[in-house]
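Fit chain B to the given chain A structure using the hints.
Sequence lines, in order, name chains A and B.
Here the first sequence is numbered in the working numbering, starting from 1 and rising by one per residue.
Here the second sequence is numbered in the working numbering, starting from 1 and rising by one per residue.
Rather than coming from a laboratory, the hints here were simulated on the basis of the structure.
In this text, all values refer to a predicted model and were calculated from it rather than measured experimentally.
Cβ atoms here follow ideal geometry from the backbone N, Cα and C, with glycine treated the same way.
It cannot be assumed that every hint is accurate.
As the list claims (entries may be wrong) - Quick partial rundown of chain A residues pointing at chain B, CB under 8 Å, derived from the structure:
hint	residue
1	G105
2	L108
3	V109
4	A171
5	A174
6	E177
7	A181
8	L184
9	G186
10	N218
To be verified - From chain A, some residues computed to sit far from chain B (all C-beta separations above 10 Å):
hint	residue
11	A55
12	F57
13	P70
14	G131
15	S140
16	L146
17	R173
18	L183
What the hints assert, rightly or not - With beta-carbon atoms standing in for the labels, derived distance ranges:
hint	chain 1	residue 1	chain 2	residue 2	range
19	A	L74	B	G84	49 to 55 Å
20	A	L139	B	R129	40 to 46 Å
21	A	G105	B	R105	37 to 43 Å
22	A	D91	B	R107	28 to 34 Å
23	A	L279	B	Q223	58 to 64 Å
24	B	G84	A	I134	38 to 44 Å
25	A	I141	B	M131	35 to 41 Å
26	B	E208	A	D91	26 to 32 Å
27	B	M131	A	I134	39 to 45 Å
28	A	K97	B	R128	39 to 45 Å
29	B	T57	A	A90	50 to 56 Å
30	A	G105	B	D8	25 to 31 Å
31	B	G164	A	A90	29 to 35 Å
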Amino acid sequence: MSILAQQLVLGVMIGGLYGLGAVGLSLVFGVLKVLNVAHGELIMLGGYGAFWLFALFGLDPFASLLLVLPLSLLLGLGLYCVLFGFVVRADEETRVKNSLLIGFGLALVLHALAVRLWTADDRSIDTAYAGSAISLGGLSIPLVRLASLALAFALIGGVHLLLKHWRWGQAIRATAEDWQAALLTGIDIRRAYLLAFAIGTGLAGAAGTLVSVGYSINPSIGLEWTLKALIVVVLAGLGSTFGTFVGGLFLGVAEAASAAAFGGPYREVVGLVIFVAVLVLRPRGLFGQ
Amino acid sequence: MLEIRDLDAAYGDARALSGVTLAVKPGEIVALLGPNGAGKTTLLKAIAGLLRPRAGTILWEGEDLGRLPAHLIVERGLAMVPEGRRLFGGMTVEENLGLGAFAPRARRAQQANLERVYTLFPILRERRRQMVRLLSGGQQQMVAMGRALMTNPRLLMLDEPSLGLAPLMVRAILEVLLEINRNGVAVFLVEQNVHASLSLAHRAYILETGCVVGEGSGADLLQDPHVRRAYLGPLAAREYFQL
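Just chain A, same shape as in the assembly (with noise of 0.2 Å):
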């Protein structure tokens, strides 16, 4: 009993990591119609910037976080100017078509690229606090996980409220639920398409630091991470923001559970198993408007 609670705690917390990636995967997807299937690479970037400040300069992962954001807020707005910017021109069908391709172009050109910056071995962040952990009622928590699932859940509030209150938040949020009544209203949807993209991107090299300190990261594990992300996308439906974070606990107790029923193997089995029941009874997902 006390050996399931252990995973199912376990599982709250790699959830609220699949929820971080998740929410930036479902703002561009929501946003720009675009499914950017190279999510997962921009979070394995992310762990590797966190990787770097630390293994360089010795910067605690936690504090790297206020560099890494900007950092990949910044890359955002590049990958939409030279890459993304294009394929939103076009019309939906098209558009989504093409989003693939460049996504999977680029997922690869940034697999090779961490391939030949840091080698195929895995990487975490060792910091000296990284095996404390609180023991509460015969489980034990490992802090830097808690920590993690703190950060997760203050960033995806942060969004909710940019997305809320401040001005082009709105204009986001208009342009993703109409983008023709978007413009009619003067919106400069292009602009909020560049937003949206940064924004994504930069919860995406958040994700990624989290990931780096409580797990490992290795080139490959890109398209784990976008899969995972689009699960929890499929099954939280698009549109609200604390609903994909509810999505992503959901995914990792739902395979902590399964892992502990089943045995380990299955643990990836369940998402895939969420993906298609959700497409079949519920294909709005749980919050979708």
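Chain B alone, transformed into the frame defined by chain A:
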């Protein structure tokens, strides 16, 4: 103020407008009539910049709008209330109205315009914190018109504002249009409700299969046999044949 010359537009290979020429002068109410599929919505979309014309010019105060992005056309003072209202359903009334004032010129006048909208539609002030998708159709139409007014327009284009509304609500909406017009905003109105829009409009154009086939003052067109037979229903047609 708005001058359209020889406008052609198409969806792929399907031609929707050919050689449309018309004008709206400051302070006017101009109605655009025509059967379904005549190209009325297409014409409004082309003016608003949602659809690029194939040929011809759309001049707004002498400036060609043909290559201007839609959000800058709004900034020039040309607002459109699209068919089906197209509100942001997941947002409140206030947020929808606020988004209407997104462009810099409209933002400077936001408070005054918001007061104006709440004076025209007092019910919206009461409902300002409600999600738009929970409002009735008539109230949603008010939000749509309010959102367009928040852009601080000098020409307001409306695509079928009375569609699906109860007769009393249609009357209320059309009366507000007159009020808006009295405040100096020109109105370009596409309406199925031919009798109401002709009695409202100073002038009207008739669009059939993408071409302007008639124009005149509202009062003249109300008496025009073709208009009566084609648009004013069987009763008017019977009247026409008996004459």
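Structure-based check of all given hints:
no., hint, result
1, G105, "29 Å, violated"
2, L108, "34 Å, violated"
3, V109, "32 Å, violated"
4, A171, "6 Å, holds"
5, A174, "5 Å, holds"
6, E177, "5 Å, holds"
7, A181, "4 Å, holds"
8, L184, "5 Å, holds"
9, G186, "3 Å, holds"
10, N218, "40 Å, violated"
11, A55, "44 Å, holds"
12, F57, "42 Å, holds"
13, P70, "26 Å, holds"
14, G131, "45 Å, holds"
15, S140, "42 Å, holds"
16, L146, "33 Å, holds"
17, R173, "7 Å, violated"
18, L183, "4 Å, violated"
19, A:L74 to B:G84: 49 to 55 Å, "40 Å, violated"
20, A:L139 to B:R129: 40 to 46 Å, "43 Å, holds"
21, A:G105 to B:R105: 37 to 43 Å, "41 Å, holds"
22, A:D91 to B:R107: 28 to 34 Å, "31 Å, holds"
23, A:L279 to B:Q223: 58 to 64 Å, "59 Å, holds"
24, B:G84 to A:I134: 38 to 44 Å, "56 Å, violated"
25, A:I141 to B:M131: 35 to 41 Å, "39 Å, holds"
26, B:E208 to A:D91: 26 to 32 Å, "29 Å, holds"
27, B:M131 to A:I134: 39 to 45 Å, "42 Å, holds"
28, A:K97 to B:R128: 39 to 45 Å, "42 Å, holds"
29, B:T57 to A:A90: 50 to 56 Å, "27 Å, violated"
30, A:G105 to B:D8: 25 to 31 Å, "39 Å, violated"
31, B:G164 to A:A90: 29 to 35 Å, "33 Å, holds"
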